[in-house]
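Throw the hints in and build the complete structure from the sequences for me.
Protein chains: 2
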Amino acid sequence: MTSADVIEQTLARRGYRLTGPRRALLVVMGTLGDHFAADDVVGAAPGVGRATVFRTLKLLQDLGVVCQVVLEDGSTAYRLAPDEHHHHLLCVECGEMRDFSSDDLEAVLAEVARRTGYTIEAHRFEVYGRCAACQAAGA
Amino acid sequence: MTSADVIEQTLARRGYRLTGPRRALLVVMGTLGDHFAADDVVGAAPGVGRATVFRTLKLLQDLGVVCQVVLEDGSTAYRLAPDEHHHHLLCVECGEMRDFSSDDLEAVLAEVARRTGYTIEAHRFEVYGRCAACQAAGA
DNA sequence: TCGATATCGAGACTCAGGCTCATGACCGCC
DNA sequence: GGCGGTCATGAGCCTGAGTCTCGATATCGA
Chain G
1 MTSADVIEQT LARRGYRLTG PRRALLVVMG TLGDHFAADD VVGAAPGVGR ATVFRTLKLL
61 QDLGVVCQVV LEDGSTAYRL APDEHHHHLL CVECGEMRDF SSDDLEAVLA EVARRTGYTI
121 EAHRFEVYGR CAACQAAGA
Chain R
1001 MTSADVIEQT LARRGYRLTG PRRALLVVMG TLGDHFAADD VVGAAPGVGR ATVFRTLKLL
1061 QDLGVVCQVV LEDGSTAYRL APDEHHHHLL CVECGEMRDF SSDDLEAVLA EVARRTGYTI
1121 EAHRFEVYGR CAACQAAGA
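Each protein sequence line maps, in turn, to chains G and R. When we follow my numbering, the leftmost residue of the first sequence carries the number 1, and every step to the right adds one. When we follow my numbering, the leftmost residue of the second sequence carries the number 1001, and every step to the right adds one.
Take these hints with a grain of salt, some might be off.
[Said to hold, decoys possible] Covered stretches of chain G (chain R as the covering partner; in silico rule of three or more C-beta atoms under 8 Å from a C-beta of chain R):
1) 67 to 79
2) 83 to 97
3) 100 to 106
4) 111 to 121
5) 126 to 132
[Said to hold, decoys possible] Simulated restraints, written as ranges between beta carbons of each label pair:
6) R/Arg-1050 to G/Ser-75: 12 to 22 Å
7) G/Asp-5 to R/Gly-1030: 17 to 27 Å
8) G/His-85 to R/Ile-1120: 57 to 67 Å
9) R/Glu-1106 to G/Arg-98: 18 to 28 Å
The set of hints was computed from the structure by calculation and includes no laboratory data. Remember, predicted model here, so these are calculated numbers, not experimental data. All C-beta atoms, glycine included, are put in the ideal place defined by N, C-alpha and C.
Structure, rendered in structure tokens:
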């Protein structure tokens, strides 16, 4: 079972229709590498309208199967997301992106809440760097 | 000495000219509250062109006296920045923004670097929540 | 099969930000 | 104080990402 199949089941379970364009977009996203811009999807799915691409990306974000990433230059990209809460680590040289999670980060948030009196509702954490392969190549 | 004066000195020290539009923008930014959109500045500084506002914001970012903040909805705002490295905590109800820094976060980054082999070059960390006053008002 | 309605696509629109280039303002030098 | 090189400006057009509208169409439960 491909990840597209899993997502189709998620859609169906939540009462969304399984339409041709949605299936097409799921397939396309599976072929676009570890992250992609909305317009990459538009370009790779001729026959599916721009509006539909953006609507579908938004829907998939709400369902938690796609997540949005802010790149170093401030532009946004999308990524098929694992189930659990995670953050992104992006190589600024080759563009590789990987997920990580951190209990320590949760501790940081708890500490911030304690010190400021805030109730934390959400956060954004993106890390940019150079992967081991690019370091080796550059050295 | 106002913060505008301090920034003017920074500009001069780095070899940038002190022009009328730049002075005007510095004054305006001092009156716009703790964070503002680029268009707030455009609107509050009639007589200064849009391009100049964006150019100046970019210049001030490079100088480290203004920082960019990604809001919860993904839009960007600007903020007069303190000197040292910091992060933003934003109340989603009243819009209050405050800065914080965290040694623990640096530890998280070090741990991520160790686990992944990446050299960390930059990161983005924004926290959204509800401030103590808004919690009290809402309760 | 049928009908209610969720979804679609085309295209115009918005909004943030960037680019160009002729004009104008700074400021170091004499 | 005046000059001139060059940095900065602003008007307006451009781009890219995302949204909205609305008539047409496809999906799926009954």
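Please verify the coverage claim for the region 100 to 106 of chain G: does it have three or more residues whose C-beta sits within 8 Å of some C-beta in chain R?
Our answer is that it holds, as 4 residues pass the Cβ test (under 8 Å) against chain R, meeting three.
Closer than 8 Å, Cβ to Cβ, for at least three residues: run that test on the region 126 to 132 of chain G against chain R and report holds or violated.
holds (count 7)
Count the residues of the region 111 to 121 of chain G whose Cβ falls closer than 8 Å to any Cβ of chain R, and tell me whether that reaches three.
holds (count 10)
Are there at least three residues in the region 67 to 79 of chain G whose beta carbon sits under 8 Å from a beta carbon of chain R?
Contact hint for the region 67 to 79 of chain G vs chain R: holds, 5 residues under 8 Å.
Falls inside 57 to 67 Å, the C-beta gap from G/His-85 to R/Ile-1120?
For R/Ile-1120 against G/His-85, whose Cβ atoms are near 20 Å apart, the range 57 to 67 Å is violated.
Has the hinted range 12 to 22 Å been met by the Cβ atoms of R/Arg-1050 and G/Ser-75?
20 Å, holds
Three residues or more, CB to CB closer than 8 Å: is that satisfied between the region 83 to 97 of chain G and chain R?
holds (count 3)
Per the hint of 17 to 27 Å, is the separation of the Cβ atoms of G/Asp-5 and R/Gly-1030 within bounds?
The hinted range 17 to 27 Å is violated for G/Asp-5 and R/Gly-1030, with Cβ atoms some 56 Å apart.
Is the gap between the beta carbons of R/Glu-1106 and G/Arg-98 within 18 to 28 Å?
20 Å, holds
In the structure shown, a violation is registered for the earlier hints numbered 7, 8, in ascending order.
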